[in-house]
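J.: Following the hints, put chain B in place on chain A, whose structure we already have.
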Amino acid sequence: NAGVTQTPKFRVLKTGQSMTLLCAQDMNHEYMYWYRQDPGMGLRLIHYSVGEGTTAKGEVPDGYNVSRLKKQNFLLGLESAAPSQTSVYFCASSPLLRGYNEQFFGPGTRLTVL
Amino acid sequence: GQQLNQSPQSMFIQEGEDVSMNCTSSSIFNTWLWYKQDPGEGPVLLIALYKAGELTSNGRLTAQFGITRKDSFLNISASIPSDVGIYFCAGPLNYGGSQGNLIFGKGTKLSVKP
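Residue numbers (this note's numbering), protein chains in the order written: chain A, 2 to 115; chain B, 17 to 130.
Just chain A, same shape as in the assembly (with noise of 0.2 Å):
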């Protein structure tokens, strides 16, 4: 099992160009999230699934958009990239239990936006 993975590692992006952030899990889980780093700030909550075809909104969705297609992807898009969204992204999933909090994260984007 490869568990969650992301794509791509690093991107530098100018400002106002467009990209999509790739993620897949193999552990046929339910819920995904995508959460951004900053320092100082912890891990905060975009966007986030809770079953193919379906979306909802984070604590700081916008500038981002979000698919959920297959079950296995979770993407994550920025249609006009800008300066503030320079971070480090992180996907998570998580197995659908009640009760059951335990999100298991991938490895991580860092991005950067001149």
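Do not rely on the hints blindly, as some may be mistaken.
What the hints assert, rightly or not - Computed list of lysine-lysine pairs in BS3-like fashion (alpha-carbon distance at most 27 Å, straight line): (1) B:Lys86 to B:Lys125; (2) A:Lys10 to B:Lys122; (3) B:Lys125 to A:Lys10; (4) B:Lys122 to A:Lys58.
To be clear, the hints were calculated from the coordinates, so they are not data collected in a lab.
T.: This is chain B only, laid out in the frame that chain A set:
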């Protein structure tokens, strides 16, 4: 809104020392999770706590679910150099708790004493 306060924000360790850190919440939790993040990696789950008063160990790590359900503690005994990293506590978000959404503390950074 919900807040998690972790302390200390940072600390220096010398090999062989015991380390303690804690996390307090503004609201009652039914779950406490402790994660560790190595530089350049994603967070890895160390310990999950599901019952008030519960004391759980994972090797040299011991975590406790506070009786008030508003705090949790993590202890590392006989620290070694590979213990350096950032330790995060996490608990379920009220509004999205049923969907597994988590709120994270800002982390305690462990470094080696110069």
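J.: Evaluate each hint against the coordinates.
T.: Hints, one by one, checked against the model:
1. B:Lys86 to B:Lys125: Answer holds: Lys86 of chain B to Lys125 of chain B is near 22 Å, not above 27 Å.
2. A:Lys10 to B:Lys122: holds (23 Å)
3. B:Lys125 to A:Lys10: holds (23 Å)
4. B:Lys122 to A:Lys58: holds (21 Å)
In this structure, none of the earlier numbered hints is contradicted; all agree with it.
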